Amino acid sequence: MDAPAGVPIQLQRGPVMTTPERLTPVLDAALDGTGLLLDAVTVSPAGKRRVVRVVVDHVLPDEGITDWPTDPLSLDEVADVTHAINAALDAGDVMGEAPYTLEVTSPGVTRPLTERRHFRRNVGRLICIVGAGEIVTGRLLRVTDDALTLHVAGTKKAPPHDVELALGDVGRGEVQIEFNRKDAAGDEPDDSDEEH
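Here UniProt numbering is used: the first residue of the sequence shown is 1, the next is one more, and so on.
Hints in this document: simulated from the structure, not taken from any laboratory.
These numbers were taken from a predicted model, which means no experiment stands behind them.
Hints may contain errors.
Said to hold, decoys possible - Per label pair, the in silico range of CB-to-CB distance:
#1 D90 x P112: 26 to 34 Å
#2 G92 x V59: 19 to 27 Å
#3 R181 x D93: 43 to 51 Å
#4 A132 x D90: 43 to 51 Å
#5 R22 x G47: 15 to 23 Å
#6 D146 x V109: 22 to 30 Å
#7 P20 x R172: 17 to 25 Å
Ideal placement from N, C-alpha and C gives every residue a C-beta, glycine not left out.
Using the sequences and the hints given, assemble the complete structure.
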């Protein structure tokens with residue numbers, strides 16, 4: 001309905017829409033100097049509240065070869081960054097007035113590996129690579145600026161061997177969960193001290 005001439009129209013605004021795009025600069029600022037980076041952020045409704053899920057990861061050097069496993073985030077690191085993020089969200093108006101629950105976590109093993117840094121984080125793990133029309137499963141040995149090296153276990157038809165894949169040919173990777181993995185050296189547990 002049109003208002004009579006000269007009468008101001010009053011617009012009613014709904015609640016502030018919080019989107020990952022609006023949150024990203026605030027979260028990046030909260031993480032600055034922590035040695036962690038923002039991996040992902042989602043905002044989803046949960047009844048009358050919203051759930052803000054923030055995934056953080058260690059910052060790794062941009063270039064060079066990674067051929068050693070990286071340490072996972074510690075519980076203390078997650079707790080510290082949760083406090084920093086919570087303080088940053090409370091200090092600004094990016095969340096609006098509606099209540100929310102903050103969840104901060106590290107990337108899980110089920111996260112698809114799609115970026116070089118994802119592969120670098122998983123050196124030493126058994127992964128499955130899909131890309132260039134083939135599927136390769138092997139232990140990730142090394143990540144360079146432009147390639148991955150996997151150690152593929154032997155089969156009846158082929159001996160164990162290393163495979164190098166260009167990062168540009170890799171579509172995605174997935175970490176394979178291992179429940180009974182031998183130690184990193186591939187040795188069986190030492191039973192020499194057991195009494196017989």
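Are R22 and G47 spaced within 15 to 23 Å by their CB atoms? holds (22 Å)
Starting from the range 22 to 30 Å, see whether the pair D146 and V109 falls in it by beta-carbon distance. holds (25 Å)
In this structure, is the beta-carbon distance linking G92 and V59 contained in 19 to 27 Å? The hint (19 to 27 Å, Cβ to Cβ) holds, given that G92 and V59 are roughly 23 Å apart.
Starting from the hint 26 to 34 Å, judge whether the C-beta atoms of D90 and P112 obey it. holds (32 Å)
For the range 43 to 51 Å, tell me whether the beta carbons of R181 and D93 fit it or not. holds (48 Å)
If I claimed the Cβ atoms of P20 and R172 lie 17 to 25 Å apart, would that claim hold in this structure? holds (21 Å)
Do the Cβ positions of A132 and D90 conform to the proposed distance bound of 43 to 51 Å? Between A132 and D90, where Cβ atoms are some 47 Å apart, the hint holds.
Of the hints listed earlier, there is not a single one the structure fails to meet.
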